[in-house]
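S.K.: As you go down the protein sequences, you meet chains A and B in turn. Straight run, no breaks: the first sequence in this note's numbering ends on number 478. Straight run, no breaks: the second sequence in this note's numbering ends on number 1284.
Honestly, the hints are just simulated from the structure, not real lab data. Remember, predicted model here, so these are calculated numbers, not experimental data. Even glycine gets a Cβ: it sits at the ideal position worked out from N, Cα and C.
What follows is a list of derived Cβ distance ranges for each label pair: (1) Gln1013(B) with Leu460(A): 22 to 28 Å; (2) His1241(B) with Met321(A): 35 to 41 Å; (3) Pro437(A) with Asp1165(B): 56 to 62 Å; (4) Ala1144(B) with Glu285(A): 20 to 26 Å.
PhoX-like, lysine-lysine: derived pairs with alpha carbons at most 25 Å apart: (5) Lys427(A) with Lys399(A); (6) Lys466(A) with Lys1009(B); (7) Lys466(A) with Lys1065(B); (8) Lys399(A) with Lys273(A).
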Amino acid sequence: MIKKIIPMLLSLLASAQAFSFCGFYVAKADATLFNNKSEVILVRDGLKTVITMSNDFKGDVRDFAMVVPVPVVLKESDIRIANRSVFESLDAYSAPRLVEYYDENPCMEYKMKEEADYSMAFTTAPTSTMKSMNADFNMGVTIEAQYQIGEYDILLLSAKESTGLRDWLIMNGYKIPTTADEVLNPYIKSNMKFFVVKVNLGKLKAGNFDYLNPIQISFEHEKFMLPIRLGMANSTGSQDMIVYAFTRSGRVECTNYRTVKMPTDRKIPLFIKNEFGQFYKNVFERTWKNEGRNAVFLEYAWNVTPNWGMKCDPCVGPPPMHNELSQAGVWWLNEGSNVFFTRMHVRYEKSKFPSDLTFQVTPNNENYQARYVLTNPAWGEFDCEAGQNYLVELSERRKVEVDELFALSGKNSEKSYNYIREFDKHKKAQPKKNDIPALLWKWIKTHGPKGGAMLLLLALTIFILKRTAPAQKMAIAH
Amino acid sequence: MEQLTIRFKSFGQWLESDARHFQIIAQVIFLFYGILYLGWETYVINVFFAFAGALSIQGLFVALKLAPAHSLKSAFISSLGLSLLLKANAPILFFIAGAMAVGQKFAFRYNGKHLWNPANFSIVLLILISGNAWISPGQWGSGAILVLIISTAGMNVLSRVKRLDMALAFLLTYALAEYSRTILYLGWDHEVLFHKLSNGSVWLFALFMITDPMTSPNNRKLRILWTILIALASFYVINFHFLYAAPQFILFALTPFVPLIDKAFNGEKFFWQKQIHLIPSQHD
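Looking at chain A on its own, in the form it has when it is part of the complex:
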């Protein structure tokens, strides 16, 4: 047993591969914000789907390989090379954001300033590896099509059974795990084809590419899904995936896992300003755990039709323009229809996500964005009575902000204590006010209208039941 394990371990270390949903990725040595992150753009209308797969790979291009199950044999015109900048701008545009507000000093004449602070919540994506391809062997594997597009050599394969496909791939230099045949089988049985990509070294050198471009495929089929199971065959940990979805009518949601919104419009302490990336990472991790690790998280959903209204509040980057949207695969821009943009963030692992993600397009056109609020305190003197009240409210609010920090991210900061008391020095000694109506109003505000409405519903239920109860008329059958 040990004899078998050691060579396996060595080979694992040597290739250090983690099988992700659309290919092979090498874990980066330096810490990125989200490890093993892949990005996909999905455009869907009717039966047509356009998928663009990011390819933020750094490493030896000879080690790169991508294997993606697709429902049909793609024609050459269905495959194109996309521009990497599309992902960057979509990410910048829809990422969770930080907003900054400024309080006005009630003792002075100030106009309220509203400024947006643009903070990127994510940094770069992980790398992928490639393998060079040798000669073919046929093992129940049919090469349905073969193309050379951009810097890539592309094959469309159909297979009769999974061990044949696996052996074929290994023989041709794709280092896939030996257990992959278990996962390949369902795709073969579902009549799916395999989109296999490697880099054409000659084209790469000739074209002077610094990096590998994303690949965009389009096809018509009833299926609207992402085959993440294939990517989990050999990985032990969890992987992140960001999905940018575009439709004509409204939000895209997952049909076999819960879609949950990330917390939004929450006030957080000022000292988070320079640590927003790490803060959001903690928030995501905590929310993901709280929801049972098996949900899809919504981070942004907005109508981004070009030349139509506000697209964000505030805007983190310039909104997607005509050419960016068509780069992403949106094909109906000239038809005058709307474009709705959904950003979903999934962190999946094998035990919690046994099924591939399936999606549906809904007409849900509600705008939503994940947004966190910083409020800067007012400047100047607080000698007037309104100013003193403001100071009380300020320390109350700061207490709430610190509580929110803990509730959202699960982490406390040593700056919290001083942060709450920072403005106490301006306070003058005053008798405490026991303001009952204010306390009551505060209670209602903290418990929210939801709780109150729920109580009302319960009351209505009881009322209806009681109303139709006491003197019941029973039907008598003769």
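Given chain A's structure and the hints, the job is docking chain B onto it.
M.R.: Here is chain B on its own, set in the frame of chain A:
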């Protein structure tokens, strides 16, 4: 029919007298669970509009003496069903849904029975016509505890309305079909099957929607056959055409045939409230 006024000795006795009480309790629990625990984006205003629509129309018919007062409970259940299932862009659509759900019970009748499950009717028509309504099959997620809660509540209600056979037939047929395809044919592992079968929407559909006693056949054998048909059709449309709202549409298409079936085949007629049979005295 004569009407006797009966006073109940205890709250428990009153509760037991009508199976709808338990359905209401179950669905209210689900609604609270979904909104507070699962974090649904259900806007409370939508729930109120659904209730307003359904209860106002039903109340109108009660006031016109065209329906008994206790029928408000059915309207209540329809409103809860809409709150649980229907999603729409505007609150007014919920009012329309509630009104339509109740209205169709009076507008479309055959042989003394209404043709469609009220919530199902509104959901399907709004999705088809308004373009601003949808359902979220994934809103419950999957999991053992969820299934336990739903099935416990469901079994309770169903045993009272004598429709447990339908739920079991649906779940077994669906499970068998899924097992055959997912494990035997496609070769996925058991976790995939479990995930598919523990989907909350499937269980809710099986235990609370198709089993509506007023829109399911009275004859037991027919009922089970009917359910198997729905289960197989749903399985087919979901797995081969990837339309996850299939069960709703299939039910909508098939329930109008129930009164015809009831006319052709004998079966025990269903009443929400327990019947009292007067036996003529032998000493008359």
